[in-house]
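Number of protein chains: 2
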Amino acid sequence: MDLFPDIEIVKTAAARIAPYVHRTPVFTSATVDRICGKQVFFKCESLQKVGAFKARGAVNAVLSLAESDFQSYKNGENCVITHSSGNHAAALAYAARCRGIKAHVVMPENAPPVKKAAVAGYGARITYTESTQEAREKALDEIVALTGAVFVHPYNDYRVIAGQATAALELMEQVPGLTTIIAPVGGGGLLSGTALSVSALQPGTEVIGAEPEGADDAFRSLQAGKIIPLTNPRTIADGLRTSLGDLTFPIIYKHVGAILTASEEAIMEAMRLTWERMKLVIEPSAALPLAALMTKTGRVKGDKIGLIVSGGNADLDHPPWLKS
Amino acid sequence: MDLFPDIEIVKTAAARIAPYVHRTPVFTSATVDRICGKQVFFKCESLQKVGAFKARGAVNAVLSLAESDFQSYKNGENCVITHSSGNHAAALAYAARCRGIKAHVVMPENAPPVKKAAVAGYGARITYTESTQEAREKALDEIVALTGAVFVHPYNDYRVIAGQATAALELMEQVPGLTTIIAPVGGGGLLSGTALSVSALQPGTEVIGAEPEGADDAFRSLQAGKIIPLTNPRTIADGLRTSLGDLTFPIIYKHVGAILTASEEAIMEAMRLTWERMKLVIEPSAALPLAALMTKTGRVKGDKIGLIVSGGNADLDHPPWLKS
Chain E
1 MDLFPDIEIV KTAAARIAPY VHRTPVFTSA TVDRICGKQV FFKCESLQKV GAFKARGAVN
61 AVLSLAESDF QSYKNGENCV ITHSSGNHAA ALAYAARCRG IKAHVVMPEN APPVKKAAVA
121 GYGARITYTE STQEAREKAL DEIVALTGAV FVHPYNDYRV IAGQATAALE LMEQVPGLTT
181 IIAPVGGGGL LSGTALSVSA LQPGTEVIGA EPEGADDAFR SLQAGKIIPL TNPRTIADGL
241 RTSLGDLTFP IIYKHVGAIL TASEEAIMEA MRLTWERMKL VIEPSAALPL AALMTKTGRV
301 KGDKIGLIVS GGNADLDHPP WLKS
Chain V
1 MDLFPDIEIV KTAAARIAPY VHRTPVFTSA TVDRICGKQV FFKCESLQKV GAFKARGAVN
61 AVLSLAESDF QSYKNGENCV ITHSSGNHAA ALAYAARCRG IKAHVVMPEN APPVKKAAVA
121 GYGARITYTE STQEAREKAL DEIVALTGAV FVHPYNDYRV IAGQATAALE LMEQVPGLTT
181 IIAPVGGGGL LSGTALSVSA LQPGTEVIGA EPEGADDAFR SLQAGKIIPL TNPRTIADGL
241 RTSLGDLTFP IIYKHVGAIL TASEEAIMEA MRLTWERMKL VIEPSAALPL AALMTKTGRV
301 KGDKIGLIVS GGNADLDHPP WLKS
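So the protein sequences, as listed, match chains E and V. Heads up: the first sequence at position 43 corresponds to 43 in the working numbering, and the numbers run straight through without jumps. Heads up: the second sequence at position 24 corresponds to 24 in the working numbering, and the numbers run straight through without jumps.
There could be a bad hint or two in this list.
Identical copies carry no separate label here, and so any pair may be met within one copy or between two of them.
Listed below are the simulated DSS-like cross-link pairs for lysine-lysine, each with C-alpha atoms no more than 30 Å apart in a straight line [to be verified]:
#1 K102 - K38
#2 K138 - K254
#3 K38 - K116
#4 K296 - K323
#5 K11 - K323
#6 K102 - K296
#7 K138 - K11
#8 K323 - K304
#9 K138 - K102
#10 K226 - K102
#11 K304 - K138
No lab work stands behind these hints: they were computed from the structure. A quick note: this is a predicted structure, and the numbers were derived from the prediction, not measured.
Only chain E is shown next, with the shape it has when bound in the complex (with noise of 0.2 Å):
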């Protein structure tokens, strides 16, 4: 079941989830492409189902599951369990629905109103636990033991990265020629799917991931060539705190051209600018291409630029830039 994701597998991924999730609009502005000095490609996963491209990968992996991966002799039901207190988590719970299984999810108790909403509104039963590592692992481990639930990891599973390369699969077939494409990387889902489907279809587009400085865990490992794990991030991008996953890791070191950092300050700027000017509510982590483009234009080839916007599940009650 859990084969490298080549580009076969990639494509087999985009016609499962087909009737699940959005082929998502890309937009431009005149504004950002002035600031650029480039043609720059919004892919606007903001607007995807769940808000944030995570329902790629989470549908994709979900309706992958054969009969024979679940154990539900056990409780008598199919179910799938994830730790998160983000995206993946509503994702989750949105892929169960669509496959019409339960969904178990492992949260913070601390975790924002908004996403608890968020995830139990998908029909997920949620499992509250303290904010250790140790605590949501037992707590998962032991809901496992008792339902015989599925866990599927929000980045490090090959099911997983082949639905997150859907999304530069689209955008090349919406935006042909695109000399660069840019996505933000935490544990590397996206950006793996993103050079595994560039590197096959279009070898000559480089792809770039963005990161935050705060935590640039990814720019680290592809300069030792090897994972060095995030310790203590420092970000608004709340989506960017984790490490990169073995199985991301290599194809991100295999095909990706180069990950540039930028700054909170570059971030909220980005941010900010594509809810102004492009009336679109991004999160913190989506504007990250943004950012390390507008920062960094100079190291990004060519000029006709596609971005992986990933997500726009924002705090309305707490924009960055109202922070005191």
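Assemble the complex: chain E is given as a structure, and chain V must be docked to it using the hints.
Below, chain V alone, put in the same frame as chain E:
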């Protein structure tokens, strides 16, 4: 030049402005459909040039002017002028740039810096006055006497109305079979234009105006059968604090089925819902159709509803839900 805009004139306007304005997309939301119990289609003029439908009317008016309309001998160049601190000011500046002529805008000196910057960014000359009606009319008259600039009214102008009418024209093409179309109403340019297009092409489709309870002059005018001027408006919907004009009122009186009002709370809730679930930045005025639909669902015929989302120029430093 300034003929009553029948549907042929509206179609001519659509062709005239097509190179300069976006054919804006139509978005849907499963969440909104569930809340309203209807299929709801958002015509996103928030994604229009200058961030509002006003680009349509201003571009049509400016491109419609004959050389003989200008008195350019006075200062050697053709120019247009308006007084506004809102979207029409930016739209007129943009329209003048499209034609390659100058724009003057008379603005109160206490206008928000972001509005001043937008108008200046499109290359208009700004004259600041006190914020009284007398001061700005005096300033406008002086500039007209000096420069021969042609005054373009924000809504009480058939060329402007014909331009605004093109939004509904597109919406009917994009979504066949709408049972009702709802547009916000301030001065009535957008609503009268919408009514003209819809009554000519789909007379079975009801047109509804949506207006704040605290600025309900259109509601009262339709009741009275004559224009009741707006006094002391109290609403966050800054684009709707204007009275109907003598050109817009008769069209609305003849072709609009109802004016529905919405409370400030409902406007804010609809605005926030659009940001949060649809990931679209819209301004308070643009939330009126959804606010009216959500609070007066029973008053809206049929179950396939088009909403004209008028603009996206919200103040990102002061989202209304963060007001103390």
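Results for each hint:
{"no.": "1", "hint": "K102 - K38", "verdict": "between (46 Å within a copy, 28 Å between copies)"}
{"no.": "2", "hint": "K138 - K254", "verdict": "neither (35 Å within a copy, 68 Å between copies)"}
{"no.": "3", "hint": "K38 - K116", "verdict": "between (40 Å within a copy, 27 Å between copies)"}
{"no.": "4", "hint": "K296 - K323", "verdict": "within (26 Å within a copy, 37 Å between copies)"}
{"no.": "5", "hint": "K11 - K323", "verdict": "neither (43 Å within a copy, 48 Å between copies)"}
{"no.": "6", "hint": "K102 - K296", "verdict": "neither (45 Å within a copy, 36 Å between copies)"}
{"no.": "7", "hint": "K138 - K11", "verdict": "neither (36 Å within a copy, 66 Å between copies)"}
{"no.": "8", "hint": "K323 - K304", "verdict": "neither (34 Å within a copy, 41 Å between copies)"}
{"no.": "9", "hint": "K138 - K102", "verdict": "within (20 Å within a copy, 69 Å between copies)"}
{"no.": "10", "hint": "K226 - K102", "verdict": "neither (37 Å within a copy, 59 Å between copies)"}
{"no.": "11", "hint": "K304 - K138", "verdict": "neither (47 Å within a copy, 49 Å between copies)"}
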